[in-house]
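Trainee: Generate coordinates for the entire structure from the input sequences, incorporating the hints supplied.
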Amino acid sequence: MGGTGKSLKIVAGLAPAAFAMGILFIGALGLSILQSFGYAPAYGVSEFPTFRFYERVITEEGFLLSLGLTFYYAIVPTVIGAIFSLLLALALMKGFKGKGAFLFLYKIPMVVPYLVGVSLVILLFSNGGLIARLFYHLGMIGSPSDFIRLLGTSSGYGIFLVYLWKQVPFMTVMLYAHLLVLDHRQRESAYLLGAGPLQRFFHVTLPGLAPALFSATLIVFAFNFGGFEVPFILGAGYPNTLTVEAWRLFDDPDYTNRPAAMALTTLILVLSSLCLALLIGFYRSWQRKWGQL
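When the letters of the sequence shown are read in order and numbered with the working numbering, they come out as residues 1 to 293.
Just so you know, the hints here were simulated from the structure itself, not pulled from any lab data. Glycine is no exception: its CB is placed at the ideal position from the N, C-alpha and C atoms. Hints are supplied without guarantee of correctness; some may be wrong.
[What the hints assert, rightly or not] Quick list of simulated restraints, FRET-style, between CB atoms: (1) Val181 <-> Phe102: 17 to 23 Å; (2) Ala28 <-> Thr50: 17 to 23 Å; (3) Ser215 <-> Ser46: 40 to 46 Å; (4) Pro211 <-> Thr59: 28 to 34 Å; (5) Phe282 <-> Met110: 24 to 30 Å.
Mentor: Rendered as structure tokens:
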């Protein structure tokens with residue numbers, strides 16, 4: 001009884017905040033879905049139900065390019081960041097001179113907004129930025145404008161720099177914390193049985209790190225897939241990610257385009273949910289293969 005009463009008290013305490021958050025999130029989501037199907041009298045559209053706006057955004061000339069860029073900007077920095085974070089977490093376990101200071105410094109980007117990272121990348125890597133001017137003064141290029149263009153292109157190098165600067169510390173914290181609580185007896189046993197460093201890593205350390213690595217990767221991928229401000233500022237003018245294209249439709253002076261923006265936003269939600277479901281399914285099958293389920 002005591003335990004049940006305590007649980008009910010906790011639920012009752014959380015209920016007002018949960019209710020407010022539920023109304024704000026679910027209500028906004030439901031309204032955007034209704035608008036995507038043509039129920040938007042505030043914008044002069046009352047065609048519910050209709051798939052016209054979905055058909056419009058999917059058949060747009062640049063839709064497939066935007067879809068490809070969205071996946072590109074989501075997958076590449078996530079994979080690169082996971083590799084760097086894994087190596088960094090393993091290095092922190094071994095220890096090195098100045099480790100105490102590094103443990104503090106590498107976490108700083110976690111508390112700094114993404115827009116600060118965007119500003120730093122523009123300041124450093126733009127044509128005419130600090131690095132371009134340094135190369136010019138060293139005689140490596142004829143003028144600062146000759147510096148290789150990293151920003152404002154579909155290559156996404158500037159976007160990757162911001163994502164990695166911000167997300168590698170986050171993933172490293174999760175992996176390093178997991179490494180600290182891992183049972184190292186299996187690794188020691190593998191060492192005594194003659195397993196080499198790579199065998200110990202792939203057969204002992206990596207399976208033990210899998211839950212933290214998967215969780216960190218899932219969070220970062222989901223954010224990158226739905227990210228807006230970084231690709232909007234540092235990406236190409238055309239094409240760009242689905243989120244940027246949705247904002248452009250929503251910001252159009254013609255309000256009748258806003259249901260199309262809601263349709264594109266709903267598609268982003270569906271696509272990201274499908275991707276996350278596939279990743280979770282892949283991870284579950286991997287766990288069954290390794291006997292973790």
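Trainee: Now tell me if each hint is right for this structure.
Mentor: Do the hints match the structure? See the list:
A hinted range of 17 to 23 Å for the beta carbons of Val181 and Phe102 is consistent with their spacing of about 21 Å. For Ala28 and Thr50, the hinted distance range of 17 to 23 Å is satisfied, since their beta carbons lie about 21 Å from each other. One distance hint, 40 to 46 Å for the beta-carbon pair Ser215 and Ser46, holds here, with the actual separation near 44 Å. Our hint of 28 to 34 Å for Pro211 and Thr59 is violated, since their Cβ atoms are close to 42 Å apart.
For the pair Phe282 and Met110, the beta carbons lie near 27 Å from each other, so the given range of 24 to 30 Å is met.
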